[in-house]
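Engineer: Protein chains in written order, with numbering that gives the first Met the number 0: chain W, 0 to 102; chain F, 0 to 226.
Worth flagging that the hints you see were computed from the coordinates, not collected in a lab.
If a hint is listed, it holds; no wrong ones were tucked in.
Pair ranges (Cβ atoms, derived):
{"id": "1", "chain 1": "W", "residue 1": "74", "chain 2": "F", "residue 2": "67", "range": "36 to 44 Å"}
{"id": "2", "chain 1": "W", "residue 1": "100", "chain 2": "F", "residue 2": "99", "range": "53 to 61 Å"}
{"id": "3", "chain 1": "F", "residue 1": "122", "chain 2": "W", "residue 2": "100", "range": "45 to 53 Å"}
{"id": "4", "chain 1": "W", "residue 1": "77", "chain 2": "F", "residue 2": "49", "range": "33 to 41 Å"}
{"id": "5", "chain 1": "W", "residue 1": "3", "chain 2": "F", "residue 2": "197", "range": "34 to 42 Å"}
Note that the coordinates shown come from a computational prediction; the quantities given were computed from them, not determined experimentally.
Idealized CB from N, CA, C, for every residue including glycine.
Listed below are the residues making up each chain.
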Amino acid sequence: MNLVLPIVALAVGTMAFRVAGPLLRTRMTLSPRVEQLTSVSVAVIFVALVATSALVVDNGFAGVALPAGVAVAALLAWKKAPFVAIVVAAASTTGILRLLGVS
Amino acid sequence: MRSILRTPPSSPSRDIALVCLADGLVGASFGAIAVSAGLPIWVPVAMSVFVFAGAAQFILVGVLAAGGNPLAAVASALLVNTRLVPLGFSISDTFDGTSWPRKLLGSHLITDEAVAFTAMESERTRRRAAFWLCGIGLFVAWNTGVLIGAFLGGQITDTAALGLDAAFPAVLIALIMPALRDALTRNAALIGAAIAVAAALVLPPGLPVLLALLGVIPAYVATKVNA
Numbered sequence: 000m001n002l003v004l005p006i007v008a009l010a011v012g013t014m015a016f017r018v019a020g021p022l023l024r025t026r027m028t029l030s031p032r033v034e035q036l037t038s039v040s041v042a043v044i045f046v047a048l049v050a051t052s053a054l055v056v057d058n059g060f061a062g063v064a065l066p067a068g069v070a071v072a073a074l075l076a077w078k079k080a081p082f083v084a085i086v087v088a089a090a091s092t093t094g095i096l097r098l099l100g101v102s
Numbered sequence: 000m001r002s003i004l005r006t007p008p009s010s011p012s013r014d015i016a017l018v019c020l021a022d023g024l025v026g027a028s029f030g031a032i033a034v035s036a037g038l039p040i041w042v043p044v045a046m047s048v049f050v051f052a053g054a055a056q057f058i059l060v061g062v063l064a065a066g067g068n069p070l071a072a073v074a075s076a077l078l079v080n081t082r083l084v085p086l087g088f089s090i091s092d093t094f095d096g097t098s099w100p101r102k103l104l105g106s107h108l109i110t111d112e113a114v115a116f117t118a119m120e121s122e123r124t125r126r127r128a129a130f131w132l133c134g135i136g137l138f139v140a141w142n143t144g145v146l147i148g149a150f151l152g153g154q155i156t157d158t159a160a161l162g163l164d165a166a167f168p169a170v171l172i173a174l175i176m177p178a179l180r181d182a183l184t185r186n187a188a189l190i191g192a193a194i195a196v197a198a199a200l201v202l203p204p205g206l207p208v209l210l211a212l213l214g215v216i217p218a219y220v221a222t223k224v225n226a
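Given the sequences, and given the hints that come with them, work out the whole structure.
Structural biologist: As structure tokens, then:
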């Protein structure tokens, strides 16, 4: 199978998506309201990414270990724990649960 | 752009370094998986330099290694990357006044993590510093990881055992939590997440996150009333 074409297509398409945002912005001036909605949209995208990557794998529920680690992260973040503590606690919770045989 | 995030972390560069380390390890597993699946070493290496988008790379390599339909694989990988359009829009103020070559280079460095670290900052020079530091740091870490993984091959096994798949959502939730203290943002995010999770059970990756943007509509209406 030709391996070059799919990689080139993915690289070009991804670059087009990446350039589209900055390109759009040079063509418009943003009202404070649009700026606020943009910030809200970024939060929405990230929370949706977090929720789907924590809960869903291959169109099914992701089990217990992964959501548990992410829940620990969310709780610590809400309690304003340091960034490093949040990330390490999430990975260790999920890792240790798997070590104990919890998927 | 004025950010709604108001509490910058004590040391962004240390936090960025941790994210680079975690992503480097995931990169190593990507390189190892690609090579152990029988793909030539240049495939994961070239993909990491020119695509530089982890989830999309895993999708394409998975299908190529399994001998699946490359056209469908590229389409699903691109679908996952559509979120880069709104994310790029949100950080493009950091490119204001820079040359086009630099804008293109910066655009290539747009990732979830770089956007999240930029969104943490409200002041312009700090936003710019966060974006470039995270962008360049991740590019170096990811590609170094992929190279190491590709050459060590089977030595590196599943990063799931280390819980690294929990690290990525943890990074994002840690960076976005200050924004969620604003009720308008939090409600939009909760509606969006509910839509995304329901959609993820039936739709391919990428679409659920786009559909989540419907959660912005109440905020849109609310700000119109206030304005």
